[in-house]
Amino acid sequence: MQKEMVHLPKSFLGFLPLYAGVELGLGISILNKCSGFYGILALFTGHQLDFMQWVFYLFSAFTLVVYSIGLRQVNKPNLLSFSLVLVIFTLDTALTCFFTVWFSAAWFSAEAQEFTDPKSTTIQSAGAAIGPGKELNPRGKTLESQSASQSYEFFFTILFTVITLVARFYFNFIMVAFVQRLLRHPKYMVDQDDVEQNLKNRSFFQRWWIKSEKSCYKFCRRYLA
Amino acid sequence: MSELFKKWFLSKRPAGSRVANLETSFDVNITLRKLKRYRPAVSDLCHYGFLGSVLLFVFIVNPLPWIFKIALYFFVGTLFMLPATSQFFFNALPILTWLALYFTSSSFSVDYRPPITVQVLPAIETILYGDNLSDILATSENKAMDLIFWLPYGIFHFGAPFVVAAILFLCGPPTILRGYAFAFGYMNLFGVMMQNLFPAAPPWYKNLYGLSPANYSMKGSPGGLARIDEYFGINLYTSGFSNSAVIFGAFPSLHSGCATMEALFFSYVFPKLRPLFIFYVCWLWWSTMYLTHHYFVDLMAGSVLSYVIFQYTKIFHLPVADGSMYSRWGYGEVVKFNLYQADPLSVSPNDIESLQAPLTLETDFELNSMNNSASPSIFDNSRSVSRSSGTSNTSLDIQEEVFSSPRLNNKQRID
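Chains as they are written, first to last, in this note's numbering: chain A, 3 to 227; chain B, 9 to 423.
Please keep in mind that the hints were generated in silico from the structure rather than gathered at the bench. Remember, predicted model here, so these are calculated numbers, not experimental data. All C-beta atoms, glycine included, are put in the ideal place defined by N, C-alpha and C. Be aware that a few hints might be false.
Claimed, not checked - Restraint-style ranges between C-beta atoms, simulated for each label pair:
(1) Phe221(A) x Arg282(B): 31 to 39 Å
(2) Gly331(B) x Tyr172(A): 28 to 36 Å
(3) Ile160(A) x Ser252(B): 25 to 33 Å
(4) Ser252(B) x Phe221(A): 28 to 36 Å
(5) Asp52(A) x Val27(B): 52 to 60 Å
Claimed, not checked - In the EDC-like style, the derived pairs of lysine to aspartate or glutamate whose C-alpha atoms are separated by at most 16 Å in a straight line are:
(6) Lys78(A) x Glu238(B)
(7) Lys14(B) x Asp35(B)
(8) Lys12(A) x Asp351(B)
(9) Lys280(B) x Asp330(B)
(10) Lys20(B) x Asp351(B)
(11) Lys151(B) x Glu238(B)
Could you put the whole structure together from the sequences, leaning on the hints where they help?
In structure tokens form, the structure reads like this:
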């Protein structure tokens, strides 16, 4: 494991300190995770959520809270909570890949229906009519040539999806590098007292939180330190 | 009025402080002298080179008669030359460039425009956010909601940038307004460029035409704002949006970008009110979707663009805000953000190794003076011990202990 981690980024984009990347990555993730609340809000309009959407939105709302805690302390990091943020972020990256594939399937099947459903406002079989292979016109000469072809639409859909995933992975590596540095930095050493504190008088949530922090810290120390 | 102004603002000014002062001269020579002394950095060259080429492009492409264009550029050039006006207008160059490009956008020839995408945005929205969020949030309509969501989208959005600028100018640290103009201008400029390079149909298009192909002869639509026009018996939004400069400019949402930028700057100066600013952004997001003007992914693109540019501006341009000051006149000096000092990892871990050996005088002195400017005394012992018993031992503490109390060198550290 140690050997694979040698190539972690040493700086963000090659010229900024790692914490700037962490701040940016967490901030962008927080903005995107707001989708969780809007997804759940959709219930008020009478819209039904399927199981996968429930999982996705609730998880988004949960990660939003975790990332906000991380973002607040980027300049004065606490190793325990940052270990938790890192583990959740990594888990989130994995789940994002899965959900991307899942919802892509949902969209493309819905889209196919849109083009064949006589009740939809879409001009029927529009997709086929503007596909490539028909006579080529200089751009803008005819009204049809001003709209994107089916392959153009598809290309950009895939391009945007891939860009977001690549950015996500990059920020994930920045986070890993940051937490690794924290683990190796004497300033952020975790005292044994911090790990073994008495939790009897804490609320359920706090106990759960501290316990998860601890196990995430141990996990990170095992693989990164 | 001036009494109140003196009492509230000027009375807090540190003696001899001039950082908050403004230029009042109209002497062109001052600007010329400054220009002679000016040695541009690489970042300045990029900044002016980029904005200059956009302005040149606008100058050539804009369909106004040449005489008007020349007169306009000459007028702006004069504003730049007079010290009293240039301190505002010159720093607003990114904003002026954005406005110039935006109002030229409608005149681009159809021959050069990229094809309009109709399916990409709803597709991305479903793929990244699990559902057509914007579509769903626009399904149930009623009059109360129309009005609630019209406010941020149709009213506040247009006034807020000015209000924010005025408040930042008065209550923020000096030079923050420059940073705001830079960030706000670039965000909108990049946004308009993206909207032109990647034309995409907004949700109202999907409601009207489904996923059918779009073309540039189509008129824009006010979406949900048509109902507002109906309530008030006016034609403001219908005519405005039908002839919008960028009809297929759904991506990114500059409504969202502006709101986020305003919220970020306000949170920077008034951190305690942050929840209020977050609420405003969420409210505006909801209203853009409710009024069928943007997909959720556009909102994210606008906000992310804002956030990235804000972070850049914060690192390289913004003065540090002091929470205890409530006006620009309270500041004695303008301190810029130091990227490396703020780095939590800035002290290299190797320092701990060299601690036991005598430190070089320079580093030692510097680190010591950062934390404690008083000279070491015998009373330092007890204080150092109590500090080191805290749960997190910072290496700064350790260094100080070494300096101030050699006796502690023998103390065994847990870490």
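Determine whether the Cβ-Cβ distance between Ile160(A) and Ser252(B) falls within the hinted range of 25 to 33 Å. holds (29 Å)
Within 52 to 60 Å or not, the Cβ separation of Asp52(A) and Val27(B)? The hinted range 52 to 60 Å holds for Asp52(A) and Val27(B), with Cβ atoms some 58 Å apart.
For a C-alpha distance cap of 16 Å, please report whether Lys20(B) and Asp351(B) respect it. Violated, because 32 Å separates the two Cα atoms, which is more than 16 Å.
Restraint status (C-alpha distance of Lys12(A) to Asp351(B) at most 16 Å): Answer holds: Lys12(A) to Asp351(B) is near 13 Å, not above 16 Å.
Would you check the hint for Lys280(B) and Asp330(B), treating anything up to 16 Å between C-alpha atoms as holding? Judged against 16 Å, a Cα distance of about 13 Å means the pair holds.
Do the alpha carbons of Lys14(B) and Asp35(B) lie within 16 Å of each other, as the hint requires? violated (28 Å)
Taking the CB of Ser252(B) and the CB of Phe221(A), does the distance hold inside 28 to 36 Å? Distance hint for Ser252(B), Phe221(A) is violated at roughly 52 Å.
Can you confirm whether the C-alpha distance between Lys151(B) and Glu238(B) stays at or below 16 Å? holds (11 Å)
Could one say that the CB atoms of Phe221(A) and Arg282(B) fall in the range 31 to 39 Å? For Arg282(B) against Phe221(A), whose Cβ atoms are near 32 Å apart, the range 31 to 39 Å holds.
Beta-carbon spacing of Gly331(B) to Tyr172(A) - inside the hinted bounds 28 to 36 Å or not: Since the Cβ atoms of Gly331(B) and Tyr172(A) sit about 34 Å apart, the hinted range of 28 to 36 Å holds.
Is the Cα-Cα distance between Lys78(A) and Glu238(B) 16 Å or less? Violated, because 53 Å separates the two Cα atoms, which is more than 16 Å.
This entry does not satisfy hints 4, 6, 7, 10, going by the numbered hints stated previously.
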